[in-house]
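With chain A fixed as given, assemble chain B onto it according to the hints.
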Amino acid sequence: KQEVTQIPAALSVPEGENLVLNCSFTDSAIYNLQWFRQDPGKGLTSLLLIQSSQREQTSGRLNASLDKSSGRSTLYIAASQPGDSATYLCAVFSGSARQLTFGSGTQLTVLP
Amino acid sequence: SQTIHQWPATLVQPVGSPLSLECTVEGTSNPNLYWYRQAAGRGLQLLFYSVGIGQISSEVPQNLSASRPQDRQFILSSKKLLLSDSGFYLCAWSRGTGSTNEKLFFGSGTQLSVL
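Those protein sequences? They're chains A and B, same order as listed. Numbering-wise, the working numbering comes out as the position in the first sequence, counting from 1, plus 3. Numbering-wise, the working numbering comes out as the position in the second sequence, counting from 1, plus 425.
Straight-line C-alpha distance at most 27 Å; calculated DSS-like pairs for lysine-lysine:
| no. | chain 1 | residue 1 | chain 2 | residue 2 |
| --- | --- | --- | --- | --- |
| 1 | B | Lys505 | A | Lys45 |
| 2 | A | Lys4 | A | Lys71 |
| 3 | A | Lys71 | B | Lys528 |
| 4 | B | Lys528 | A | Lys4 |
| 5 | B | Lys528 | A | Lys45 |
Estimated spans, in silico, between C-beta atoms of each pair:
| no. | chain 1 | residue 1 | chain 2 | residue 2 | range |
| --- | --- | --- | --- | --- | --- |
| 6 | A | Gly44 | B | Ser502 | 15 to 25 Å |
| 7 | A | Ser72 | B | Ser524 | 18 to 28 Å |
| 8 | A | Ala12 | B | Ser502 | 25 to 35 Å |
Here are some of the chain B residues that sit facing chain A, going by a computed Cβ distance under 8 Å:
| no. | residue |
| --- | --- |
| 9 | Gly468 |
| 10 | Leu469 |
| 11 | Leu515 |
Note that these hints are calculated values from the structure, not bench results. Values in this document were obtained by computation on a predicted structure and should not be read as measured data. All residues carry an ideal CB built from backbone N, CA and C; glycine is no exception.
So that you can see chain A by itself, here it is in the shape it has in the complex (with noise of 0.2 Å):
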């Protein structure tokens, strides 16, 4: 059964940092992981998709890597400001139905 672990739980950093979001899964064999962001009582906005094949995806300030191999992928976001600050997901889809298994996601705040 896949399982998806995300480091750190919470985050908090002064506006403009730099900052990597870990994302770790136990079975490598994936179709694709996909990185979402979540406002508070919102639903889910999708940033960024790797597929299986691919290394990394860049998305503006927003670059997600990918390693398969080890099970595991990070969410770079440079240059970070107070918009930025919400909770980010990381979620893989896997399995013979194709089901989208989440982690917990890190709760950004971004301090001006």
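Then chain B, alone, in the frame of chain A:
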């Protein structure tokens, strides 16, 4: 373009009352549909998924059930709510292509409080 609608946004129900949450998708056909629950301080848990009309798979034995009466309609139900059913419920869809770039798109969620 595709859109997903989920309602209601918030719901307060007494213990023992019934539940019906509805989700519809527009702009696509034969999507895979999903119901997730997010309990306070915890990750998202897959409750049900469906690959077609009338085809429902349950991931977690519980007090809830799901139905897919139409291609783009997914309903989450309960006959008698429990306190432990409280949480944030999210509907999602994907194209069901099985490709490695298959994305899930989420609705805006329903905050359910059972009192």
